[in-house]
Amino acid sequence: MTGRARGDVRESGNLALAANGQDCAEQLARFFPHARPVRIPVQVIALRGGRSSLREAAVVEYGGPEHAIFVSTLPLEFDDRVQIEATGEGRPAEATVVGLQYHEERKAVAVRFLQGPCNWVVTQP
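In the working numbering, the protein residues as written are 1 to 125.
If you are wondering where the hints come from, they were derived from the structure by calculation, not from laboratory data.
Here the structure is a predicted model, which means the values were calculated and not measured.
Note that beta-carbon positions come from the ideal geometry of N, C-alpha and C, so glycine has one too.
Certain hints may be false.
[To be verified] Derived DEER-like restraints, expressed as beta-carbon distance ranges: (1) D23 - G49: 31 to 41 Å; (2) D23 - R91: 23 to 33 Å; (3) E77 - Q43: 13 to 23 Å.
Turn these sequences into a full structure, and let the hints guide you.
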């Protein structure tokens, strides 16, 4: 019974982290009035000089024609460039970081698309 209780505590803690991540993205979305709630699985690649690139799977939580907001563990800062590719949706989009919101070890990132409106964000139901 002790093992089960520990498992329940860990599970509850994971749920709290997920909720905090969403709250973090929601707080950042307040500064982007055209962003609406979406759930788009993506691959995010930090575009840096050199041969190494950092990549992670993420979910765009809020999006609009020119912006996307997602929770990330990548070491991103203002003006960093990223490439975002929706899973199974069209071509990748390049973007630049225009906003960050930190909350309890989580970080929401807002990016602005560099080539204008991004179709796979705009056409999501």
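These are the hints, each one checked on the structure:
Between D23 and G49 the C-beta distance comes to about 34 Å, which sits within the given range of 31 to 41 Å. Under the hint 23 to 33 Å, the C-beta atoms of D23 and R91, about 31 Å apart, fit the expected range. The hinted window of 13 to 23 Å between E77 and Q43 holds, with their beta carbons roughly 20 Å apart.
Violation of the numbered hints given earlier is absent; every hint is satisfied by the structure.
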